[in-house]
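Number of protein chains: 2
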Amino acid sequence: MQYNKNKNKEIIYTIDDLEIDIQLILNVIDERGATAIGLQFPEGLKRQAVNISRIIQQHRRVEVLISGNPCFGACDIDTRLIELTDVLFHFGHSSQGFCKEVVYVEARSKIDVAPVVARTIKMLSGKRIGIITTVQHVHKLQEIQDMLAAEGFECVIEEGDAHIAYPGQVLGCNFSAARGNCDEYIYVGGGEFHPTGASITTRKNIIIANPYNNSVYKINPEPLIRRRCAMIAKAFDAANFGIIVSTKIGQERLALAGALKRKIEEHNKNADLIIMDLVTPEQLLGFKLDAFVNTACPRIAIDDSKRFNIPVLTPVELEILIGEREWKEFAMDEILAGDR
Amino acid sequence: MQYNKNKNKEIIYTIDDLEIDIQLILNVIDERGATAIGLQFPEGLKRQAVNISRIIQQHRRVEVLISGNPCFGACDIDTRLIELTDVLFHFGHSSQGFCKEVVYVEARSKIDVAPVVARTIKMLSGKRIGIITTVQHVHKLQEIQDMLAAEGFECVIEEGDAHIAYPGQVLGCNFSAARGNCDEYIYVGGGEFHPTGASITTRKNIIIANPYNNSVYKINPEPLIRRRCAMIAKAFDAANFGIIVSTKIGQERLALAGALKRKIEEHNKNADLIIMDLVTPEQLLGFKLDAFVNTACPRIAIDDSKRFNIPVLTPVELEILIGEREWKEFAMDEILAGDR
Numbered sequence: 352m353q354y355n356k357n358k359n360k361e362i363i364y365t366i367d368d369l370e371i372d373i374q375l376i377l378n379v380i381d382e383r384g385a386t387a388i389g390l391q392f393p394e395g396l397k398r399q400a401v402n403i404s405r406i407i408q409q410h411r412r413v414e415v416l417i418s419g420n421p422c423f424g425a426c427d428i429d430t431r432l433i434e435l436t437d438v439l440f441h442f443g444h445s446s447q448g449f450c451k452e453v454v455y456v457e458a459r460s461k462i463d464v465a466p467v468v469a470r471t472i473k474m475l476s477g478k479r480i481g482i483i484t485t486v487q488h489v490h491k492l493q494e495i496q497d498m499l500a501a502e503g504f505e506c507v508i509e510e511g512d513a514h515i516a517y518p519g520q521v522l523g524c525n526f527s528a529a530r531g532n533c534d535e536y537i538y539v540g541g542g543e544f545h546p547t548g549a550s551i552t553t554r555k556n557i558i559i560a561n562p563y564n565n566s567v568y569k570i571n572p573e574p575l576i577r578r579r580c581a582m583i584a585k586a587f588d589a590a591n592f593g594i595i596v597s598t599k600i601g602q603e604r605l606a607l608a609g610a611l612k613r614k615i616e617e618h619n620k621n622a623d624l625i626i627m628d629l630v631t632p633e634q635l636l637g638f639k640l641d642a643f644v645n646t647a648c649p650r651i652a653i654d655d656s657k658r659f660n661i662p663v664l665t666p667v668e669l670e671i672l673i674g675e676r677e678w679k680e681f682a683m684d685e686i687l688a689g690d691r
Numbered sequence: 352m353q354y355n356k357n358k359n360k361e362i363i364y365t366i367d368d369l370e371i372d373i374q375l376i377l378n379v380i381d382e383r384g385a386t387a388i389g390l391q392f393p394e395g396l397k398r399q400a401v402n403i404s405r406i407i408q409q410h411r412r413v414e415v416l417i418s419g420n421p422c423f424g425a426c427d428i429d430t431r432l433i434e435l436t437d438v439l440f441h442f443g444h445s446s447q448g449f450c451k452e453v454v455y456v457e458a459r460s461k462i463d464v465a466p467v468v469a470r471t472i473k474m475l476s477g478k479r480i481g482i483i484t485t486v487q488h489v490h491k492l493q494e495i496q497d498m499l500a501a502e503g504f505e506c507v508i509e510e511g512d513a514h515i516a517y518p519g520q521v522l523g524c525n526f527s528a529a530r531g532n533c534d535e536y537i538y539v540g541g542g543e544f545h546p547t548g549a550s551i552t553t554r555k556n557i558i559i560a561n562p563y564n565n566s567v568y569k570i571n572p573e574p575l576i577r578r579r580c581a582m583i584a585k586a587f588d589a590a591n592f593g594i595i596v597s598t599k600i601g602q603e604r605l606a607l608a609g610a611l612k613r614k615i616e617e618h619n620k621n622a623d624l625i626i627m628d629l630v631t632p633e634q635l636l637g638f639k640l641d642a643f644v645n646t647a648c649p650r651i652a653i654d655d656s657k658r659f660n661i662p663v664l665t666p667v668e669l670e671i672l673i674g675e676r677e678w679k680e681f682a683m684d685e686i687l688a689g690d691r
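Quick mapping for you: the protein sequence lines, in order, are chains A and B.
Read in order, the letters of the first sequence correspond to residues 352 to 691 in this note's numbering.
Read in order, the letters of the second sequence correspond to residues 352 to 691 in this note's numbering.
Since the hints were derived computationally from the structure, they do not count as laboratory data.
Take the hints with a grain of salt, since some may be wrong.
Since the list gives no way to pick one copy over another, a pair counts as held whenever it fits inside one copy or between any two copies.
Keeping only pairs whose Cα atoms sit at most 16 angstroms apart, straight-line, the calculated EDC-like set for lysine to aspartate or glutamate is [unchecked claim]:
id: 1; residue 1: K657; residue 2: D512
id: 2; residue 1: K614; residue 2: E675
id: 3; residue 1: K614; residue 2: E414
id: 4; residue 1: K639; residue 2: E394
id: 5; residue 1: K612; residue 2: E670
id: 6; residue 1: K451; residue 2: E543
id: 7; residue 1: K639; residue 2: D368
id: 8; residue 1: K473; residue 2: E502
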């Protein structure tokens with residue numbers, strides 16, 4: 352942890368490669384005359400919560416309430432903390448447009464992406480190159496675009512829908528800034544979930560440029576697709592389905608869940624709607640059901656599949672199961688602007 | 352599981368020793384013309400949720416939403432489910448007066464308490480005998496009173512405060528129906544938490560009459576008190592405290608938490624307010640703190656103490672730690688009517 356004023360005398364908090372703009376928080380407190388503020392951190396930043404709270408209180412006389420609830424995205428706003436405070440600061444994610452009153456304090460990565468992007472260039476086969484990334488690196492997109500232009504490529508950075516704060520930004524549940532208006536993509540960032548999802552959604556080449564481990568390779572979505580097809584097959588004999596609905600502000604798709612329930616019942620199987628805030632395997636396995644369909648965070652079915660001992664399908668996968676969609680039309684579950 | 356109509360043609364659902372009045376639910380649906388209903392079950396009844404949902408739907412044409420959130424008491428109402436439905440049925444607990452619009456579907460135990468109560472009678476040394484129990488057995492209090500009266504005892508069944516639905520009923524967080532207007536108590540029910548708490552609160556003899564394992568003995572509160580004193584001692588060197596506040600409707604004691612924060616700071620230690628819905632050790636250990644003070648469900652500090660690897664104190668225990676209360680004035684943490 353490092354905590355300093357930069358050359359503009361702004362207060363920046365630095366942890367690992369990430370910079371968090373404390374000055375933004377102080378400015379909002381001043382503008383709004385806030386006396387009680389809420390702080391909400393994603394899991395990866397929770398250990399910084401107390402430090403950041405103390406720094407704010409060294410500079411401003413405010414009561415601070417820290418959210419202790421799990422938080423995995425901007426879909427997941429601590430709405431009770433909005434009611435209890437003058438302003439809620441939500442860290443590490445960009446706005447998805449759900450709560451206009453929340454102030455999003457993004458974290459920007461200082462990591463240099465140029466070396467790894469330079470190595471992707473010799474792997475490109477197309478002419479029009481799309482670039483996608485996560486919020487930590489969106490401020491590097493201009494630099495990447497300039498690098499590609501200097502090599503004679505046409506660079507495409509697409510606008511996403513209303514859930515997406517920055518052109519070129521993708522979320523685990525939203526690839527609307529990767530709609531394929533190009534020959535292939537470079538994904539800049541860590542992890543394989545986002546580029547795999549983008550690959551399945553766009554059906555185009557995605558080349559990963561991972562600045563954390565300096566690796567560059569073309570993503571292969573087939574292993575994920577095969578695992579999901581096996582999960583669908585495992586659910587063939589299920590007679591009693593639970594349809595999971597989260598009440599988190601950006602995940603509640605109750606209308607979709609009701610439609611899925613009717614579809615399941617039309618196929619002479621039972622379905623119950625299970626409403627919850629945080630979705631955990633432990634809570635769901637308390638119900639006596641054969642399989643779940645998840646309408647909450649699309650990553651749950653995929654990331655937590657090993658923690659469930661029964662199949663958990665996405666809405667798309669349920670359609671394949673009941674024969675309303677072809678296997679070859681496998682797609683990622685997304686929560687797009689306007690979905691409910 | 353057994354499901355039948357009783358002699359009055361009322362629909363009763365029976366599981367183990369418990370009877371749940373389904374007819375009550377059908378009557379409320381009819382009276383209110385409800386078309387969408389919510390069902391919320393405590394952990395011990397979650398496995399019955401789908402069965403009960405199906406039985407209701409066999410008799411009435413309603414959309415059912417089942418709460419999948421953890422639930423440990425009538426303090427813990429799924430408030431979002433109230434908004435999503437015409438009426439929320441909350442099972443297994445009696446009203447604490449927090450949500451007038453919720454319909455509480457209590458579970459009544461059929462177990463015969465007479466044999467075990469008969470055995471307590473020869474252990475009584477006083478004349479005025481108080482009786483306390485949990486909601487599952489409150490319908491047996493008249494029978495117990497008659498048994499004691501027949502043996503010449505004066506029987507006392509005290510009214511609790513506004514959180515307590517029935518005279519003689521105790522909760523893990525509220526012993527207001529055991530204020531000691533008698534020589535000693537009989538506690539009818541399972542478990543040791545309630546009678547231990549009543550013993551510490553009243554400083555009177557409590558004789559357990561447990562109809563589940565047929566055991567009868569005088570509770571000894573000393574082991575719990577000693578464990579808690581050790582926990583207080585373990586927190587002596589803590590410099591950074593987290594004060595846990597739950598946003599659950601019957602657990603939110605934010606004013607108390609603010610007062611505790613100021614007390615801790617007066618002793619030149621740091622304190623941060625951590626706001627959360629469900630309190631779990633896993634979430635709290637993400638923060639870098641030396642000890643917690645818990646203002647949420649009073650049982651958390653005691654029942655979950657082994658799952659935390661740092662001290663978690665009740666508000667009463669914090670007062671002892673900072674020297675504002677004598678060790679000999681150790682008391683249970685309670686959430687009484689009007690507390691906030």
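Violated constraints from the hint list, given by number and in increasing order: 1, 6, 7
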